[in-house]
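Visitor: So the sequence lines, in the order shown, correspond to chains S and H. Here our numbering is used: the first sequence runs in plain steps of one and ends on residue 156. Here our numbering is used: the second sequence runs in plain steps of one and ends on residue 156.
The reader is advised that the hints may include incorrect statements.
[Unchecked claim] Output of the computed footprint for chain H on chain S, the stretches with three or more beta carbons under 8 Å from beta carbons of chain H:
no. : region
1   : 5-19
2   : 67-78
3   : 97-109
4   : 119-129
5   : 132-144
[Stated by the list, open to error] Part of the chain H face toward chain S, derived, beta carbon under 8 Å:
no. : residue
6   : Asp15
7   : Met24
8   : Pro25
9   : Leu48
Honestly, the hints are just simulated from the structure, not real lab data. Values in this document were obtained by computation on a predicted structure and should not be read as measured data. Backbone N, C-alpha and C fix where the C-beta goes; we use that ideal spot for every residue, glycine too.
There are 2 protein chains.
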Amino acid sequence: MDTDSLPLFRPAGPDYRWEGVAHMPYKQDGSAPFKDISRQVLFHAPELGCELRYFEMDAGGYSTLERHEHAHAVIIFRGEGECLVGQEVFRVKAPDLVSIPAWAWHQFRASAQEPMGFLCMVNALRDRPVLPTPDELASLRAVPAIARFLGEKGAP
Amino acid sequence: MDTDSLPLFRPAGPDYRWEGVAHMPYKQDGSAPFKDISRQVLFHAPELGCELRYFEMDAGGYSTLERHEHAHAVIIFRGEGECLVGQEVFRVKAPDLVSIPAWAWHQFRASAQEPMGFLCMVNALRDRPVLPTPDELASLRAVPAIARFLGEKGAP
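Isolated chain S, as found in the complex:
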């Protein structure tokens, strides 16, 4: 896909989906460290140097707790919830901005009341995310605000 082959105009359909954009629900087999989240790649074009994706969690859903070398630039697009970045937890709502630096642990959680969606800009060339080891997770949970954010011990 490059911008020459992209349609010039792709209208939004109902419920934050777009014409010509694949809607990818994450697989959920019970062991996966995310819940009720979908992904749509809005722009992926080599000459832009980056991609723009739209992630959406159902009410109570959350993204994977992970980190990586590449940075994320995020705009909350609908709804509200919380996010963990590094050692801090923030309450977020549309259209707040969140910057995720290299190697910062991060996770987004929608409120219990409504879906939360965010746009995420990312370099087209990037490394794969890594998940926390049990020791790293224990270190994160040692921070009270993060323990509350992550919820029950069994949850990721």
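Following the hints, put chain H in place on chain S, whose structure we already have.
Guide: Just chain H now, kept in the frame of chain S:
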């Protein structure tokens, strides 16, 4: 500015402005080929390879009619209006997607009723825009839909 120095969290203030983001109204001296438009650079970080900017026009405002080698990836963020891309005019509203390929003429115009804002993703390394020559403008105006879009002869 890089993502290491950016605050992790920048809350949105009222009226589509953000904490810590400079709001840059364009100068308007009467001869400038744009009207009632402002720019805010939301993310500009070398390691992302790209930038994300938010442009907003007042009701009846419009961006510069221009083209360049670099591509734009656009999401309408608030309001509605029209845009010219190449030889086509589209009615747009939030959150429609618009792709502007290399060297396509483009201009955004807010409706007469309300402001229109859009997010624009762009490569961090890019060429400067060029404006249409009188001959190029005449060629664009030869397309009836573009003549209507551009409005009166005196307007850009």
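Visitor: Determine for every hint whether it applies to the structure shown.
Guide: So, going through the hints one by one against the coordinates:
no., hint, result
1, 5-19, "holds (count 9)"
2, 67-78, "holds (count 5)"
3, 97-109, "holds (count 7)"
4, 119-129, "holds (count 6)"
5, 132-144, "violated (count 0)"
6, Asp15, "11 Å, violated"
7, Met24, "17 Å, violated"
8, Pro25, "20 Å, violated"
9, Leu48, "6 Å, holds"
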